[in-house]
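The lines below spell out each chain.
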Amino acid sequence: GAVVSQHPSWVICKSGTSVKIECRSLDFQATTMFWYRQFPKQSLMLMATSNEGSKATYEQGVEKDKFLINHASLTLSTLTVTSAHPEDSSFYICSARRGGTSGFIANTQYFGPGTRLTVL
Amino acid sequence: AQTVTQSQPEMSVQEAETVTLSCTYDTSESDYYLFWYKQPPSRQMILVIRQEAYKQQNATENRFSVNFQKAAKSFSLKISDSQLGDAAMYFCAYRSGSQTSGSRLTFGEGTQLTVNP
Numbered sequence: 001g002a003v004v005s006q007h008p009s010w011v012i013c014k015s016g017t018s019v020k021i022e023c024r025s026l027d028f029q030a031t032t033m034f035w036y037r038q039f040p041k042q043s044l045m046l047m048a049t050s051n052e053g054s055k056a057t058y059e060q061g062v063e064k065d066k067f068l069i070n071h072a073s074l075t076l077s078t079l080t081v082t083s084a085h086p087e088d089s090s091f092y093i094c095s096a097r098r099g100g101t102s103g104f105i106a107n108t109q110y111f112g113p114g115t116r117l118t119v120l
Numbered sequence: 001a002q003t004v005t006q007s008q009p010e011m012s013v014q015e016a017e018t019v020t021l022s023c024t025y026d027t028s029e030s031d032y033y034l035f036w037y038k039q040p041p042s043r044q045m046i047l048v049i050r051q052e053a054y055k056q057q058n059a060t061e062n063r064f065s066v067n068f069q070k071a072a073k074s075f076s077l078k079i080s081d082s083q084l085g086d087a088a089m090y091f092c093a094y095r096s097g098s099q100t101s102g103s104r105l106t107f108g109e110g111t112q113l114t115v116n117p
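Protein chains in written order, with this note's numbering: chain A, 1 to 120; chain B, 1 to 117.
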């Protein structure tokens with residue numbers, strides 16, 4: 001299998017505080033992890049791509065100082081929403097890709113269950 | 001840039017019947033991968049089926065199969081013998097085979113499938 005976990009699954013925080021979301025690949029090593037944001041009844045919006053040991057690559061329009069991403073190991077990536085505001089409330093999903101350059105194994109993303117963030 | 005279009009925001013099917021979800025994409029590449037993911041109410045993204053562009057044979061996974069038409073840039077999903085558990089949002093996704101393009105997925109807008117008992 002290829003299992004990806006996220007923690008927490010649901011978090012409520014006060015405006016101005018920071019929140020950390022963890023994404024773990026449980027049974028494989030993930031050289032690349034992705035962070036998405038999803039609004040209700042909409043598609044997934046890629047926020048950033050992170051490779052183990054490297055700085056994350058952010059999509060246009062995503063504030064890298066607000067959404068801090070760390071991919072410290074082959075099984076763990078974290079997303080920290082700094083100084084959260086109500087407009088940051090959303091569903092955040094991570095995914096992970098195994099290493100390699102060709103074939104399905106290297107080119108399939110496996111998704112975590114998501115984290116619902118509510119900022120009051 | 002590649003784009004993925006799902007022209008059916010909503011579809012419904014009777015239990016045990018067959019339904020086809022449409023997906024078209026735009027690319028100038030010849031090497032790429034296509035995926036269908038489902039997102040049930042739990043919001044967990046689940047891989048349904050995948051296809052490599054260089055393979056002409058359509059992928060099949062149990063009750064799920066695709067009709068891959070490379071020249072037409074079409075990648076439809078057929079669900080046979082629909083079950084209540086198939087009710088979900090279905091996303092079509094494209095992944096470039098080029099390493100220089102990165103490993104990102106480009107998603108369509110999604111099709112909400114309702115299965116009626």
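Please note that a few of the clues may not be correct.
Calculated Cβ distances over 10 Å to all of chain B for the following chain A residues [said to hold, decoys possible]:
| id | residue |
| --- | --- |
| 1 | Val11 |
| 2 | Ser15 |
| 3 | Ser18 |
| 4 | Gln29 |
| 5 | Leu44 |
| 6 | Gly53 |
| 7 | Tyr58 |
| 8 | Ser83 |
| 9 | His85 |
| 10 | Ser95 |
| 11 | Arg97 |
| 12 | Thr108 |
| 13 | Phe111 |
| 14 | Leu120 |
Heads up, simulated EDC-like pairs for lysine to aspartate or glutamate below, C-alpha to C-alpha not over 16 Å straight-line [as the list claims (entries may be wrong)]:
| id | chain 1 | residue 1 | chain 2 | residue 2 |
| --- | --- | --- | --- | --- |
| 15 | A | Lys20 | A | Asp88 |
| 16 | B | Lys70 | B | Asp31 |
| 17 | A | Lys41 | B | Glu10 |
| 18 | B | Lys78 | B | Glu10 |
| 19 | B | Lys70 | B | Glu29 |
| 20 | A | Lys41 | B | Glu109 |
Worth flagging that the hints you see were computed from the coordinates, not collected in a lab.
For every residue, glycine included, the Cβ atom is placed at its ideal position computed from N, Cα and C.
To see whether the hints hold, each was checked on the structure:
1. Every Cβ of chain B is farther than 10 Å from the Cβ of A:Val11; the closest lies at roughly 15 Å, confirming the non-interface assignment.
2. Separation of A:Ser15 from chain B is adequate, the least Cβ-Cβ distance of about 24 Å exceeding the 10 Å criterion.
3. The beta carbon of A:Ser18 is kept farther than 10 Å from every beta carbon of chain B, the shortest such distance being approximately 24 Å.
4. A cut-off of 10 Å between C-beta atoms confirms that A:Gln29 is not in contact with chain B; the least separation is 15 Å.
5. Its closest Cβ contact with chain B, about 5 Å, brings A:Leu44 to no more than 10 Å, contrary to its assignment away from the interface.
6. With a least CB separation of 16 Å from chain B, A:Gly53 remains clear of the 10 Å interface cut-off, as annotated.
7. For A:Tyr58, the shortest C-beta to C-beta distance to chain B comes to about 12 Å, beyond the 10 Å cut-off, and the non-interface label holds.
8. The Cβ of A:Ser83 sits about 26 Å from the closest Cβ of chain B, beyond the 10 Å cut-off, so the non-interface label holds.
9. Consistency note on A:His85: stated as away from chain B, and its beta-carbon is indeed over 10 Å from all of that chain's, at 23 Å minimum.
10. Listed as a non-interface residue, A:Ser95 fails to keep its Cβ farther than 10 Å from every Cβ of chain B; the least gap is roughly 7 Å.
11. Not every beta carbon of chain B lies more than 10 Å from that of A:Arg97, the smallest distance being close to 6 Å; the non-interface claim is violated.
12. At the 10 Å boundary, the C-beta of A:Thr108 falls inside the reach of chain B, the nearest C-beta of that chain being 6 Å off.
13. For A:Phe111, the non-interface assignment is contradicted: its Cβ lies about 4 Å from the closest Cβ of chain B, within the 10 Å cut-off.
14. Distance check on A:Leu120: its Cβ is at least 21 Å (rounded) from any Cβ of chain B, clearing the 10 Å threshold; non-interface status holds.
15. Distance restraint check for A:Lys20 and A:Asp88: the Cα-Cα separation of roughly 13 Å lies within the 16 Å cut-off, and the hinted pair is therefore satisfied.
16. Distance hint between B:Lys70 and B:Asp31 is fulfilled; the C-alpha atoms sit about 11 Å from each other, no more than 16 Å.
17. Taking the CA atoms of A:Lys41 and B:Glu10, the gap is about 11 Å. The hint holds against a cut of 16 Å.
18. Distance restraint check for B:Lys78 and B:Glu10: the Cα-Cα separation of roughly 15 Å lies within the 16 Å cut-off, and the hinted pair is therefore satisfied.
19. Proximity of B:Lys70 to B:Glu29 is assessed by CA-CA distance (about 11 Å); at most 16 Å being required, the pair is judged to hold.
20. A C-alpha spacing of about 9 Å is found between A:Lys41 and B:Glu109, which places the hinted pair at or below 16 Å, so the restraint holds.
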